[in-house]
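What follows is each chain in one-letter form.
2 protein chains.
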Amino acid sequence: MFSTKTYQDRRELLQQKVGSGLILLLGNIENPINFEHNTYPFRQDSTLLYYYGIKVPNIAAVIDVDNQQTIVFGDELDIDQIVWTGKQETLQEKCAKAGVKTTLPFSALQAYLHRAIKSGQQVHYLPPYQSFNKILLSDLTGIPIGNITPSSLLIEAIVSQRSIKEHQELAEIEKALQVSVDMHMLAMRMTKPGMKERDIAHAIQHYAADQGSPLAYPPIVTVRGEILHNAYQLHTLKYGDMLLNDSGAETEMGYAADLTRTFPVGPAFSAQQRELYAVVLKSFSDARARLSPHVTFKEIHLHACESLVEGLIAVGLMKGDPKEAVSQHAHTLFFQCGLGHMMGLDVHDMEDLGEQYVGYTAEDPKDTQTFGLKSLRLGKKLEPGFVLTVEPGIYIIPELIDRWQAENKLSEFINYDRLHSYRNFGGIRIEDNFVITDNGYRLLGPELIKTADDIENFRKNYVS
Amino acid sequence: MFSTKTYQDRRELLQQKVGSGLILLLGNIENPINFEHNTYPFRQDSTLLYYYGIKVPNIAAVIDVDNQQTIVFGDELDIDQIVWTGKQETLQEKCAKAGVKTTLPFSALQAYLHRAIKSGQQVHYLPPYQSFNKILLSDLTGIPIGNITPSSLLIEAIVSQRSIKEHQELAEIEKALQVSVDMHMLAMRMTKPGMKERDIAHAIQHYAADQGSPLAYPPIVTVRGEILHNAYQLHTLKYGDMLLNDSGAETEMGYAADLTRTFPVGPAFSAQQRELYAVVLKSFSDARARLSPHVTFKEIHLHACESLVEGLIAVGLMKGDPKEAVSQHAHTLFFQCGLGHMMGLDVHDMEDLGEQYVGYTAEDPKDTQTFGLKSLRLGKKLEPGFVLTVEPGIYIIPELIDRWQAENKLSEFINYDRLHSYRNFGGIRIEDNFVITDNGYRLLGPELIKTADDIENFRKNYVS
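Chain order of the listed sequences is A and B.
Just so it is clear: in the first sequence, position 275 is 312 by this note's numbering, and no numbers are missing.
Just so it is clear: in the second sequence, position 350 is 387 by this note's numbering, and no numbers are missing.
Some hints here could point you the wrong way.
Because identical chains cannot be distinguished in the list, a pair is counted as satisfied if it fits within a single copy or across any two copies.
Here are the simulated BS3-like cross-link-like pairs (lysine-lysine), alpha carbons at most 27 angstroms apart as the crow flies [to be verified]: (1) 171 with 92; (2) 233 with 124; (3) 124 with 229; (4) 411 with 124; (5) 446 with 124; (6) 233 with 92; (7) 124 with 275; (8) 446 with 417; (9) 134 with 212; (10) 411 with 319; (11) 155 with 497; (12) 134 with 319.
Since the hints were derived computationally from the structure, they do not count as laboratory data.
Note that the coordinates shown come from a computational prediction; the quantities given were computed from them, not determined experimentally.
Work out the full structure, taking the sequences as your base and the hints as a guide.
Structure, rendered in structure tokens:
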């Protein structure tokens, strides 16, 4: 946990931003796998972590803005439970560390809220993402699940606060990155032809766990790098493949890292791989150089796309004017998603609060229709303290090529003929994490090797 | 998956048992961790696995008993999704393997059910344990969540079927046990003073994952064996400690294993440990010897308790008449829980359907009040084909002793004075898995060493 004052200050600021009424924050539960008492690892809700730092299931927190008071609702263990779980720090002790003086039984929450509503206080709450909390929120407020209306005032207040990372939060993220860089180095050391993808995925997960870190998200470790959400990890690695490793650790306090590297399964890239790798790396460097306050991330995204197109033209896979190609979204045949996203207590930071609030503004809302842009999670003007990922890529997706080619789509920009010999190429992504500073940006965490030369020089020590 | 005929036969039998109406089985979803698209590993609902073997999220199955037809409701991937996930076996192909000819979009389910209800068909469904399915079931049926009424007819039909394991199911469980025995041997090889509990827990999890097996439940790996649900894994192991390892793997098809061993962190048990270990092992052997059809598991549980009491009397921790002590529940100061439970597609098999249905009968219902018996998940008469665990233990829980002693509770059976020197003893559990045969029982899986001598002989090769 951070200091007591940290949590007090964060709540104080939140109260000021919200102004009046009650703020209700629901914690997470231990979610059932295949029956109620066989549960997934507990993960506290990130907003509750941010304002209270308390990592126990089945609690809710209320901030009574009008009366400058906060209460945590939750139950202490009774002796029957202590028989099963052992003596533990009490909820009251945990609350004290977060600067909370009052705790009440969870069962008192409903009556408490009803009294508040009756007395005319408005109850502000967030969009629930776990079904348990949808039901709970409906029970607590008497509003049917379908009509639950999260408070945009509260969402905006929280997003504005959580978006600007404190120094101690940056230090946590760099802790997550230290573990993540080690995970990636381990993957680059151990990968050999004949292994299965999952051998690597399990080893890095095991390494992180031994450091006390769960993974911040299900790792993508695949020779089919073009499959963006690849859960299948049973391919056998062979010479000529590239392995894409997108994985990051989470600290004990809940802060995430999110790194991607793509490297050859053998000691070296093929000429074709090397060529496209350089295109992605150039796009990465071009995007990184533009990171600074007062630029929108959407501009940087579009610059990165242009850079990709220039490279793809040089390779002969695209043609025409790069700017024009990007404006017509021709690059989305190769780069179907966004350049990056906010990162913090969530790997996609605050995604539960809504991408529109986190990544966009009312004046410049998210484009939810256009292929490519609809997957760009962050578009708005950057500010000092934002932490984000930069992750351009090239993904050769046969099904998508077939569909475009059948329509002869944007053939003024795409060399479909030449593309044919890349059909089984796979995918490349390079991803690092940055904080926006007053003048530009700072790479977070230790530098992880990323040029093709550096990767090959490293790999040749471990595979021949 | 098993053969197509297996699933067809299982459904055919279920139809016969239920007789009429519609059977609705809901599959599981990918549950959110900290936002909707960051999800826990998917685990299909076990009943859906049993009747269909289909491991994809967001499906539901209907068996129209009146019209002898089954339909799976679920959506095929569209091209937008294939861009993200790659081409995969279609739902229709998966259904074909399960002998299902008709698939419909998930969105068609509600109208389908409404038509059926309107035409007078009764819809039978199971108790939902995941909150998502509580909401879904309420939406589908129009019944408020609090009033959802699962079909006891359907529950009884499924319990009667799933309780008797087929040979191919036994083979799956033995596959899970093969991995689990290897996990336990690994733990017994690697454990050394100075390590942390979690080092062992992570290593066995990693081993199982590499065999393609997730763990069937969160592993309990602890030097505080008396804490029955110990999630804390940060104790440093030291000479004199015993490590309790309760962990089991799950096969790709979903079948579980559940083994416990307790062994010294150093090369040998202390005299005190050895003495109580022998008491638990004797109780285990006594219970095992009684496994056979037509005996109730409750009788075997009580015999095992009596055996524990006899041992504890010999050691000087209890006194008086063993039978009398057990009938007054005096043993529950040392053995607070049940002797075992059913096992199969769930580690506590079918616990989502209700312990009363799975472990008891209407004539001899579960005792839900008495400390000790209220934690006995299985009480009814055993039948050939039942798969169950036998897991007696001795748990020295200081908080419980203090409470009993303050009341001078059952002091005619407990030597509180002598117990004082055992206050920090910890806990011992020994657990294996068995199938009930026509004449008795058969140990499932390879035999895992369990006498104190065998364990010490093994351990001394790895720690000195």
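Evaluation of the provided hints:
Within a single copy, residue 171 and residue 92 get their C-alpha atoms as close as 20 angstroms, and across copies as close as 26 angstroms, so both meet the 27 angstroms cut-off. When the C-alpha separation of residue 233 and residue 124 is checked against a cutoff of 27 angstroms, the pair qualifies only between copies, where the shortest distance is 20 angstroms, while the shortest distance within a copy is 43 angstroms. For a Cα distance limit of 27 angstroms, the shortest separation of residue 124 from residue 229 across copies, 26 angstroms, qualifies, whereas the shortest one inside one copy, 47 angstroms, does not. Only between protomers do residue 411 and residue 124 lie at most 27 angstroms apart by alpha-carbon distance; the minimum there is 22 angstroms, versus 49 angstroms within a single protomer.
For a Cα distance limit of 27 angstroms, the shortest separation of residue 446 from residue 124 across copies, 21 angstroms, qualifies, whereas the shortest one inside one copy, 66 angstroms, does not. Taking the closest pair of Cα atoms, residue 233 and residue 92 come within 27 angstroms of each other only across two copies (21 angstroms); inside a single copy the shortest separation is 35 angstroms, beyond that limit. For the identical chains of this complex, residue 124 and residue 275 are inter-copy neighbours only, at 21 angstroms across copies versus 51 angstroms inside a copy, given an alpha-carbon limit of 27 angstroms. When the C-alpha separation of residue 446 and residue 417 is checked against a cutoff of 27 angstroms, the pair qualifies neither within a copy, at 30 angstroms, nor between copies, at 68 angstroms.
For a Cα distance limit of 27 angstroms, the shortest separation of residue 134 from residue 212 inside one copy, 22 angstroms, qualifies, whereas the shortest one across copies, 47 angstroms, does not. Within a single copy, residue 411 and residue 319 get their C-alpha atoms as close as 24 angstroms, which meets the 27 angstroms cut-off; across copies the closest is 65 angstroms, which misses it. Neither within a single protomer nor between protomers do residue 155 and residue 497 lie at most 27 angstroms apart by alpha-carbon distance, with minima of 71 angstroms and 70 angstroms respectively. In this assembly of identical chains, the alpha carbons of residue 134 and residue 319 never lie at most 27 angstroms apart, being 47 angstroms within a copy and 47 angstroms across copies at closest.
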